[in-house]
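Quick note on numbering: the sequence shown equals residues 408 to 497 in my numbering.
Since the hints were made in silico from the structure, they are not lab data. Hints should not be assumed to be uniformly reliable.
Derived pair list, reagent style DSS-like, types lysine-lysine, alpha-carbon separation capped at 30 Å [to be verified]: (1) Lys472 with Lys440; (2) Lys485 with Lys436; (3) Lys478 with Lys445; (4) Lys472 with Lys436; (5) Lys435 with Lys478; (6) Lys445 with Lys485; (7) Lys448 with Lys472; (8) Lys482 with Lys436.
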Amino acid sequence: MEMNNEHYFYVLECGDGSYYAGYTNDLKKRLAKHESGKGAKYTRSRGPLTLLYHESFETKPEAMKAEYAFKQLSKAEKIAYIQDGKAERT
């Protein structure tokens, strides 16, 4: 059985300007699900979607911790987090 050792925290910008933060172990597949309308309920009616940010982690708990911490930030703090050079860190 093949094990996926990459776990991602990612942020999408929705067509209405809101952010959606999530976790996955297959970023390409998860983005395709969102785009097809079969991803999270939140993103289904908020397209188009743009991947703004993603980070890669070795473990699921690390990625989920990053997702949770991001969700606790204000919108201004989220924008700063993405712009502070942490974006696309893989």
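Status of each hint after checking the structure:
1. Lys472 with Lys440: It holds: about 23 Å lies between the C-alpha atoms, which stays within 30 Å.
2. Lys485 with Lys436: Within the cut-off at roughly 24 Å; holds.
3. Lys478 with Lys445: Since the Cα atoms of Lys478 and Lys445 sit roughly 22 Å apart, the hinted pair holds (cutoff 30 Å).
4. Lys472 with Lys436: holds, 21 Å
5. Lys435 with Lys478: With Cα atoms ~22 Å apart, Lys435 and Lys478 stay inside 30 Å; holds.
6. Lys445 with Lys485: Satisfied, since the Cα-Cα distance of roughly 25 Å is no more than 30 Å.
7. Lys448 with Lys472: holds, 21 Å
8. Lys482 with Lys436: Holds: Lys482 and Lys436 sit about 27 Å apart, inside 30 Å.
Of the numbered hints listed earlier, not one is contradicted by the structure.
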